[in-house]
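Novice: Whole structure, please, built from the sequences with the hints as guidance.
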Amino acid sequence: MARVIVVTSGKGGVGKTTSSAAIGLGLALKGNKVVLIDFDIGLRNLDLIMGCERRVVYDFVNVINGEATLNQALIKDKRVSSLSILPASQTRDKDALNKENVGKVLEELGKSYDFIVCDSPAGIEAGAMMALYYADEAIVTTNPEVSSVRDSDRILGMLASRSRRAELGLEPIKEHLLLTRYSPKRVEEGEMLSVEDVEDILSIPLLGVIPESQAVLKASNAGEPVILDTMSDAGKAYQDVVDRLLGETIDFRFLVAEKKGIFSRMFGG
Amino acid sequence: MALLDYFTRKKEKQVTTASKAKERLQIIVAHERNSRNKQPDYLPQLTQDILQVLRKYIKVSDESFSINLDKKEGDLNVLELNIELHDENNAN
Chain F
1 MARVIVVTSG KGGVGKTTSS AAIGLGLALK GNKVVLIDFD IGLRNLDLIM GCERRVVYDF
61 VNVINGEATL NQALIKDKRV SSLSILPASQ TRDKDALNKE NVGKVLEELG KSYDFIVCDS
121 PAGIEAGAMM ALYYADEAIV TTNPEVSSVR DSDRILGMLA SRSRRAELGL EPIKEHLLLT
181 RYSPKRVEEG EMLSVEDVED ILSIPLLGVI PESQAVLKAS NAGEPVILDT MSDAGKAYQD
241 VVDRLLGETI DFRFLVAEKK GIFSRMFGG
Chain U
270 MALLDYFTRK KEKQVTTASK AKERLQIIVA HERNSRNKQP DYLPQLTQDI LQVLRKYIKV
330 SDESFSINLD KKEGDLNVLE LNIELHDENN AN
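Sequences listed follow chains F and U, in order.
Take the first sequence: its position 260, counting from 1, is numbered 260 in the working numbering, and each next residue is one higher.
Take the second sequence: its position 86, counting from 1, is numbered 355 in the working numbering, and each next residue is one higher.
No wet-lab data here; the hints were simulated from the structure.
A portion of the hints provided could be inaccurate.
[Unchecked claim] Some chain U residues flagged as far from chain F (calculated, every beta-carbon gap over 12 Å):
1. V284
2. L294
3. K325
4. K328
5. S333
6. D344
[As the list claims (entries may be wrong)] Derived pair list, reagent style DSBU-like, types lysine-lysine, alpha-carbon separation capped at 35 Å:
7. F:K99 x F:K174
8. F:K236 x F:K111
9. U:K291 x F:K259
10. F:K218 x F:K236
11. F:K76 x F:K259
12. F:K11 x U:K289
13. U:K328 x F:K236
14. F:K174 x U:K328
15. F:K76 x F:K104
16. F:K236 x F:K76
17. F:K185 x U:K289
18. F:K11 x U:K291
19. F:K259 x U:K328
20. F:K76 x F:K218
21. F:K259 x F:K78
22. F:K78 x F:K111
23. F:K185 x F:K218
24. F:K30 x F:K99
25. F:K218 x U:K289
26. F:K174 x U:K289
27. U:K328 x F:K218
28. F:K76 x F:K174
29. F:K76 x F:K33
30. F:K99 x F:K259
31. F:K30 x F:K236
32. F:K11 x F:K33
33. F:K174 x F:K185
34. U:K291 x F:K174
35. F:K111 x F:K185
36. F:K185 x F:K104
37. U:K291 x F:K185
38. F:K236 x U:K289
The beta-carbon is built from N, C-alpha and C at its ideal position, and this holds for glycine as well.
Specialist: The following block contains the structure:
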């Protein structure tokens, strides 16, 4: 049985697509068969972050409407052969997806993949509900910032009440907190919510902390998920996330600011 | 002046913006959670009373018992009790 993981957040711009791309690719690099699905109908972007935007022929909605088969729509990643991407459509309206037809596609994919990673659109509208409906696990992507934390809590409410697992009274969706754009220096200066603060408020288990990093923009510029930048702090932090998803216990890194020398402190370096 | 800042900074740090953020979030999130799953005030007491009655006759652990008040469409409310009966032999 494939593990269906939704990457969600409520708020936009917190790093859902960046995280989906990095985690999906990381899981595939570890030898798993992974399919990444872009649920942001009308605003497709996962293809761009994955660097396969020029290879999109058919999309998710084409498959739903029977205009293309799954195999025609799936894009095989050029870097890792066990990774495929199912792009969102760019033009069709959001109502194209419903529980029945999405369920059929996921069931079909579940036969041949180990992981189905669903990149959710922002908001709490139908598109976001569709992305989380079939999830077994949810990666709640959050910035250490008031509006993001509040929206994450709203999404936690949705996961607990609007998902298939909730409707059928099954074991609830396994929730993971992924804190992104974290700046230990600002936390130490009292300008940013700390990991512990966010954990306290949302009370769900921590999956990873991704430090604010210049590598993320560079990665999206190049269409190379940041996990491939193995020298960068963000790349390493995503690697840890992947290892934790695969059941390893790994200490959290990048939680404290690099210490400045006493001289640079004194002289305001 | 960086040297001076270094020694004076600690004192000013009493109320940081981050702690304000946390406090505000804790209040609003608690409030929103409450309105999200509004269970009637009597539910905890009702749960205790039902359990007490049940335990006069059968063994019921806290885990094998759940109570749920669901709002359905319109005015319909459903009170749902789930009791798992494990070992029949132990019942008296």
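Novice: Each hint should be assessed against the structure and marked as holding or not.
Specialist: Now for the hints, and whether the structure bears them out:
no.	hint	verdict
1	V284	violated, 9 Å
2	L294	violated, 5 Å
3	K325	holds, 28 Å
4	K328	holds, 24 Å
5	S333	holds, 15 Å
6	D344	holds, 20 Å
7	F:K99 x F:K174	holds, 20 Å
8	F:K236 x F:K111	holds, 31 Å
9	U:K291 x F:K259	holds, 25 Å
10	F:K218 x F:K236	holds, 15 Å
11	F:K76 x F:K259	violated, 43 Å
12	F:K11 x U:K289	holds, 21 Å
13	U:K328 x F:K236	violated, 51 Å
14	F:K174 x U:K328	holds, 30 Å
15	F:K76 x F:K104	holds, 21 Å
16	F:K236 x F:K76	holds, 24 Å
17	F:K185 x U:K289	holds, 18 Å
18	F:K11 x U:K291	holds, 18 Å
19	F:K259 x U:K328	violated, 59 Å
20	F:K76 x F:K218	holds, 23 Å
21	F:K259 x F:K78	violated, 40 Å
22	F:K78 x F:K111	holds, 22 Å
23	F:K185 x F:K218	holds, 22 Å
24	F:K30 x F:K99	holds, 31 Å
25	F:K218 x U:K289	holds, 34 Å
26	F:K174 x U:K289	holds, 30 Å
27	U:K328 x F:K218	violated, 62 Å
28	F:K76 x F:K174	holds, 28 Å
29	F:K76 x F:K33	holds, 11 Å
30	F:K99 x F:K259	violated, 51 Å
31	F:K30 x F:K236	holds, 14 Å
32	F:K11 x F:K33	holds, 29 Å
33	F:K174 x F:K185	holds, 31 Å
34	U:K291 x F:K174	holds, 25 Å
35	F:K111 x F:K185	violated, 46 Å
36	F:K185 x F:K104	violated, 47 Å
37	U:K291 x F:K185	holds, 17 Å
38	F:K236 x U:K289	holds, 31 Å
Violated hints for the displayed structure, listed by number in ascending order: 1, 2, 11, 13, 19, 21, 27, 30, 35, 36.
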